[in-house]
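Q: Below, each chain spelled out in residue letters.
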Amino acid sequence: MPRSLCTKESQPLMAQSDLKVENTDKDAEAVVQTVQTTSLQRTKACFLKGVSYFAGDMPVFAKWMEKQCFLLQILDWVLRGAAQVMFVNNPLSGLIIFAGLILQNYWWALNGFVGTLFATISALILQQSRGAVAAGLYGYNGILVGLLMAVFSNAGNWYWWLLLPNIFMSMMCPIVSSALASINSRWDLPVFTLPFNILVCLHMVATGHYNHHFPQVLIQPRSELPNITWADIDVAKLFMSVPVGIGQVYGCDNPWTGGIFIISLFISSPITCAHAVLGSTIGMLSGLALAAPFGDIYFGLWGYNCVLACIAIGGMFYALTWQVHLLAITCGFFCAYLGSAIANIMSAFGLPACTWPFCLSALTFLLITTETNKIFKLPLAKVTYPEKNLCFFWKMKKQKKKEKMEEERKTKEEQKTVIEDEVIFKEKERLRLELITLQEAQKSQMDASEAQSEQRDTSEEQNTQNYQTEEILTHYV
Amino acid sequence: MPRSLCTKESQPLMAQSDLKVENTDKDAEAVVQTVQTTSLQRTKACFLKGVSYFAGDMPVFAKWMEKQCFLLQILDWVLRGAAQVMFVNNPLSGLIIFAGLILQNYWWALNGFVGTLFATISALILQQSRGAVAAGLYGYNGILVGLLMAVFSNAGNWYWWLLLPNIFMSMMCPIVSSALASINSRWDLPVFTLPFNILVCLHMVATGHYNHHFPQVLIQPRSELPNITWADIDVAKLFMSVPVGIGQVYGCDNPWTGGIFIISLFISSPITCAHAVLGSTIGMLSGLALAAPFGDIYFGLWGYNCVLACIAIGGMFYALTWQVHLLAITCGFFCAYLGSAIANIMSAFGLPACTWPFCLSALTFLLITTETNKIFKLPLAKVTYPEKNLCFFWKMKKQKKKEKMEEERKTKEEQKTVIEDEVIFKEKERLRLELITLQEAQKSQMDASEAQSEQRDTSEEQNTQNYQTEEILTHYV
Amino acid sequence: MPRSLCTKESQPLMAQSDLKVENTDKDAEAVVQTVQTTSLQRTKACFLKGVSYFAGDMPVFAKWMEKQCFLLQILDWVLRGAAQVMFVNNPLSGLIIFAGLILQNYWWALNGFVGTLFATISALILQQSRGAVAAGLYGYNGILVGLLMAVFSNAGNWYWWLLLPNIFMSMMCPIVSSALASINSRWDLPVFTLPFNILVCLHMVATGHYNHHFPQVLIQPRSELPNITWADIDVAKLFMSVPVGIGQVYGCDNPWTGGIFIISLFISSPITCAHAVLGSTIGMLSGLALAAPFGDIYFGLWGYNCVLACIAIGGMFYALTWQVHLLAITCGFFCAYLGSAIANIMSAFGLPACTWPFCLSALTFLLITTETNKIFKLPLAKVTYPEKNLCFFWKMKKQKKKEKMEEERKTKEEQKTVIEDEVIFKEKERLRLELITLQEAQKSQMDASEAQSEQRDTSEEQNTQNYQTEEILTHYV
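As they're listed, the protein sequences go chains A, B and C. Take 1 as the starting number for the first sequence in my numbering and just add one per residue. Take 1 as the starting number for the second sequence in my numbering and just add one per residue. Take 1 as the starting number for the third sequence in my numbering and just add one per residue.
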């Protein structure tokens, strides 16, 4: 589904077809056909151009925004930050996501907004790369910090004091992001949501359930066999767990919110959207395989990490091929396994799993080295969204092919030259041998006519001839 | 407060002023003034020189020590190692710190001494860099290991068997330090007290509370709401918690010991001392903000990590500017938060927080990358103490300014040359045009006098002239 | 004990001695002696060659295998993988180890085989380096994963469903290995059994004791003083704990199995075997020193990590010298300490210690940097087995010595040339001075004979002479 992203490449192609139309005016029947094709192409191009205005990373909008006032710009960055949780750099998706959050819970949405805002402001104060800030790369940890601190707070909604640690932790996001990036960049890896994981766990475990100011919900490790009877399974809820799993990326258990998130993903990148749904399904299946309590599966707790892992591996940081698609599915299952493990470990400290499983599994799968060229990891600076990544991959592949062909052509030419050189060399050798025999013949003649000493002139003549042949030889060499 | 550290730079300045005095002897009034200034400068210089003998890193003493017997040298290294816990490379501070430890507890002080001694000896056996050993960089983990193993032992004082694991763990310090340095050096980071943290936690969790040979004190996670009534707060104890927090760096809860430590810090570097007090205060405030039990705050448990973090960021590894000062305060609050989190996690294993919070928060803040030049991280090899670091930073800044001005001057000169070249080029162009017109005029003259063919000589003359002008042109070009 | 490994080097040496025999045929007595030596050398060489067929890494067999069918090759890789747990790259050792496993438990052996097989297949699918796969470097984590998942399963033997997670986790091994290698290769470190540790802990904690599908054995932290009375100690069992400790590397508590493993180690490399026994002894002693319950010591739980750590440091990744041998012993004690610590921490999550202690302690000791050349860490690509590593080290040392001597020779020659140059220079100086005095004498003569102006010719003559001497001088210079 390479859509909008290719418009730039398609425009010059269309210009050429227009030219062709003018040139082929002579033949009447051909004209009709061409015109039909052209109008179809035109419609397609118009559609692609229209789509490019709101899909992908909305580059036209981003350029337009640069000239607007600072407050509007910050709003753009905040919306992009909200969408970047799902690796989507698109303010429209961000807006829809905020709508989904409001549908879920006003207070949570407010906390998420405050978190994104202050994380972005903090990044500006710390003078981080403006490009990264504008892409929302410093906001997405902020929205998660804000949201999840509200979700896991035991003080109930509208406990305004919560905004204080919320703002502090959000402002710490760019610091932790920058520090982690210093480490991860050595392996050309992104920081994912590690800063969010670190900071929310920090806040939760620092205060804990037994705290007067900021109490957290009580999470305890499992200490008895869960009651699982396969007859009780609710298939409708099981299906519903797929959108719920996508909603749980933002801590939301409302299936409608999850549905809205799916739409927001589809707008920006259908490949991302497909992998999100695939990931949530993988998580649900893994939960069933590992005999998890049905409640957890219905609640989407098995899905959200797999959603993120599938998106990250399936086309975002690797160029999407069939091999990479299989790798993404494997990563999804591994992530689900890891999710259960980490949830059990963290519960010993009263902590939720957050998105640690996604971060660790995706980082593991991004660190793989292999000798096949079907699994191509994009350089971190070139990562945009799956469709554009694919374009980049294809272009690179084409260029490599070209270079290879060029090289082959050169090698062939060189071989040709070598063969020609050999032919010339052989020709020269033949000439030289002829000359030698000629000279020897003359010499014997001379020996015969030695007595006739008055025939000096001819001898000199011959010498000159000799000299000339030698000259010819050196010229050849 | 750049004191002693600048004496070297100030001495040549003084020598110049002395010379000036001799030169300005002629004017009587000026002399009086100058002499007064000079005597003031002299007094100041004498004072600075005197201070340099025992403040900073005592370079004069270190040089003198190199010629002494080996046992004295080791004593110097042990004392420096004791002070290096606070990033102070000063044997006098080390001596005062040992005095403070003895005031607290004889047995602890003995264990600390044994730890430092064996860590230093082990570093010598492992043939580590002699410079680092002489700066006490292999001793400070040893003193902490020795002290804290005694502090957390449940076997009571004067349990002599404890010296066995103490010596073993102290001797492991240089090994763990060296291994961690191999990793951290990739990011130009110090190892801080990580070896101590690792080794003490290792010993404590390996033996545990339920052990026949080396039982540890019982530490358990909080499982109910602490009883906090704000009316019960004891302001005097709260103020006292500031020196106690500094004392807790060495595991001491005696406020007098903490006070002695403050003095030892002031001797070597007032900036360090100020940040230590600031850090302890930040920790105390954070404890109140996060509703910690008052007992913990009074006991200094909220302070010691912030003390170390504030010192490390505030001038030690960054050059001290206002931005860095604010960063140090932020790091202090983050460290307090992290301290509470780590203490809660570690308590699940019966472990204290040690200085993990300080290590992790300081490393995080040292890994930040930013585009501002106000936050300058010193290369690890150039780190000494805040005042000297500042001198280094200023000198570097001045040099950069100079280089910039030099570059600007060059650019200006180049522009000037370009302009001059243009003027010359225009002049040449003008000359060439004049010549062409001259030649054309002559040609027309010649055309006119074509009939008079005997006038050949003049023509030749003209040719010569022509040639000459061309020569001039080529010369110009 | 440098055995087989040196055969290649010794063969040319023998050829030379054969030649010598022919050359020294003249002297009768000498012949007898030489012949005796030669026959002894011959016998030794034959023995070494015979040993090389099944000892070391069996290079002849590996070469022969390359031409066999794929299934046989995979079997070779699986057997080598089984032995690689102990750093042994030898299919015969692998076969013996499988025999030991079958002696212990059929079901465990089957799981181990399935694990190795699928890990190897997965590495082939992921197109990992064929050389590493053929050396069994992708199989050893698989065998441990398969074995230990069966060992720690609470569902009893022949619970066939267990093969499903077994195959999944085994196939994850190459992925985790490859990812970890990307990180560790930055410090030229191996991944050891970290993938196994990660994956088995993952499986165990993800399912846990309270699971319907894959329940794990119940492991709980110690919560009271163990009952240790020194009178009850069973010395026979204590001695038996040495082979049991070696068996526990593969999770086997049968002392006969441990004995079989010792034999399999001895076949490939006696140094490895000696360090394995040494390590197990160190672990047992550490257990006694730290007041561990006797049951744990008898069961070999204190031994297996030390076994691996001692092998890894003692000759495998460092070239074996006395200093390295001492380092290996230190590492053994450190590993035992760490083992106790990690076992206590992991038990809080219901997990066994696995081989985490070995991995962490060995990595720490491999990261050490020191200024002595007696502790030489082999480049990872050159690591084979202790005896061959030693040969490599000696050869390198010899070459360095040669280079040094060559350099010294050059320096001496240069000094000689410098001295000679000086002598020539002095000689020239002397000549010049003589000439000057000569000239002056002539000049004074000339001054005296100024009146006789007709004596011009002699003056000219003298000038010529002067010129000649100058020429000589320039020639010298």
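Be aware that one or more of the hints could be misleading.
[To be verified] To spell it out: a stretch of chain B is covered by chain A in this simulated footprint if at least three of its residues, at any positions, have a beta carbon under 8 Å from a beta carbon of chain A; those stretches are:
hint, segment
1, 294-307
2, 344-353
3, 399-410
[Unchecked claim] To spell it out: a stretch of chain C is covered by chain A in this simulated footprint if at least three of its residues, at any positions, have a beta carbon under 8 Å from a beta carbon of chain A; those stretches are:
hint, segment
4, 134-143
5, 191-204
6, 260-274
In case anyone wonders, no lab produced these hints; they're calculated from the structure. Ideal Cβ placement from N, Cα and C applies to all residues, glycine included.
Q: Could you run down the list of hints and mark each one as holding or not?
A: Checked hints:
For a cut-off of 8 Å, the count of residues in the segment 294-307 of chain B with a CB near a CB of chain A stands at 0, and the three-residue condition is violated. Against chain A, the segment 344-353 of chain B contributes 3 residues with a C-beta closer than 8 Å to a partner C-beta. That satisfies the three-residue criterion, and the hint holds. Counting residues of the segment 399-410 of chain B whose CB falls under 8 Å from any CB of chain A gives 0; the rule of at least 3 is not met. For the segment 134-143 of chain C, the stated coverage by chain A is violated: 0 residues have a C-beta nearer than 8 Å to a C-beta of that chain, whereas at least 3 were required.
Restraint check on the segment 191-204 of chain C versus chain A: 3 residues with Cβ-Cβ distances below 8 Å, three needed, restraint holds. Check result for the segment 260-274 of chain C against chain A: violated, 0 residues qualifying (beta carbon to beta carbon below 8 Å, three or more required).
Violated hints, in rising order: 1, 3, 4, 6; the structure is consistent with all others.
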